[in-house]
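When the letters of the sequence shown are read in order and numbered with the working numbering, they come out as residues 309 to 511.
Just so you know, these hints were derived from the structure itself, not from any lab.
Where is the CB? At the ideal position from N, CA and C, for every residue including glycine.
Hints may be right or wrong, so weigh each one.
[What the hints assert, rightly or not] Restraint-style ranges between C-beta atoms, simulated for each label pair: (1) 481 x 404: 34 to 42 Å; (2) 412 x 439: 33 to 41 Å; (3) 352 x 399: 40 to 48 Å; (4) 444 x 365: 15 to 23 Å.
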Amino acid sequence: MRRTNLVWTTALIAAAILLTAVLSTASLGASNTGGVGAQQDGVTVTKQQQIARGKYLVEIMGCHDCHTPAKLGPNGPEQDRSRALSGHPEQLIMPPAPAPTGPWVASIAATFTAFGSPGGTVFTRNLTPDKETGLGDWTVEEFIATMKTGRERGKGRPVLPPMPVQNLRALSDTDIRSLFAYLQSIPAITNRVPQPVEAPEQK
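Could you build the full structure based on these sequences and the hints that come with them?
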């Protein structure tokens with residue numbers, strides 16, 4: 309009887325050691341493949357899984373439609389993915405937007421990155437991780453605050469139309485963190501987007 313207990317005790321100890329070794333190896337493997345990204349619904353995901361989720365959200369939310377400059381292709385305007393999410397090209401100086409006439413209330417640049425309305429002209433932001441002109445010096449907390457408050461870094465100027473801030477507020481913090489993780493993973497592009505221009509007062 310004692311010998312049987314000893315055998316079982318020895319087997320349990322060996323199993324515990326083996327399980328510890330396996331878990332340690334798995335943890336090391338996770339750190340070598342991007343590490344732990346976040347907790348999503350109580351499940352730990354890797355950084356690469358978080359980035360993949362962010363990329364998916366960027367695509368289905370249409371972020372490229374405004375933040376990636378368009379160029380003329382064989383079938384008309386198409387997104388220039390070599391400048392993906394870099395915002396309005398700084399070298400493209402826009403003249404004052406034409407005044408809306410009739411039922412028209414806005415005008416759009418050929419690049420789809422500048423929008424003129426009775427309130428003025430807005431330019432889409434550089435979302436790449438460039439530290440000087442993009443989001444490279446932002447924290448994830450600042451990014452979440454921007455989405456939730458509709459103000460830059462949560463306390464700056466309002467995020468202006470056509471950015472759909474009313475929809476972005478509905479995103480979960482988990483999805484916003486995934487968006488930020490993806491935006492921080494793409495190539496940094498130096499592109500200083502101009503500040504919004506208020507329309508002159510009508511006399």
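Going down the list of hints, with the structure as the test:
| no. | hint | in the structure |
| --- | --- | --- |
| 1 | 481 x 404: 34 to 42 Å | holds, 40 Å |
| 2 | 412 x 439: 33 to 41 Å | holds, 39 Å |
| 3 | 352 x 399: 40 to 48 Å | holds, 44 Å |
| 4 | 444 x 365: 15 to 23 Å | holds, 20 Å |
Violation of the numbered hints given earlier is absent; every hint is satisfied by the structure.
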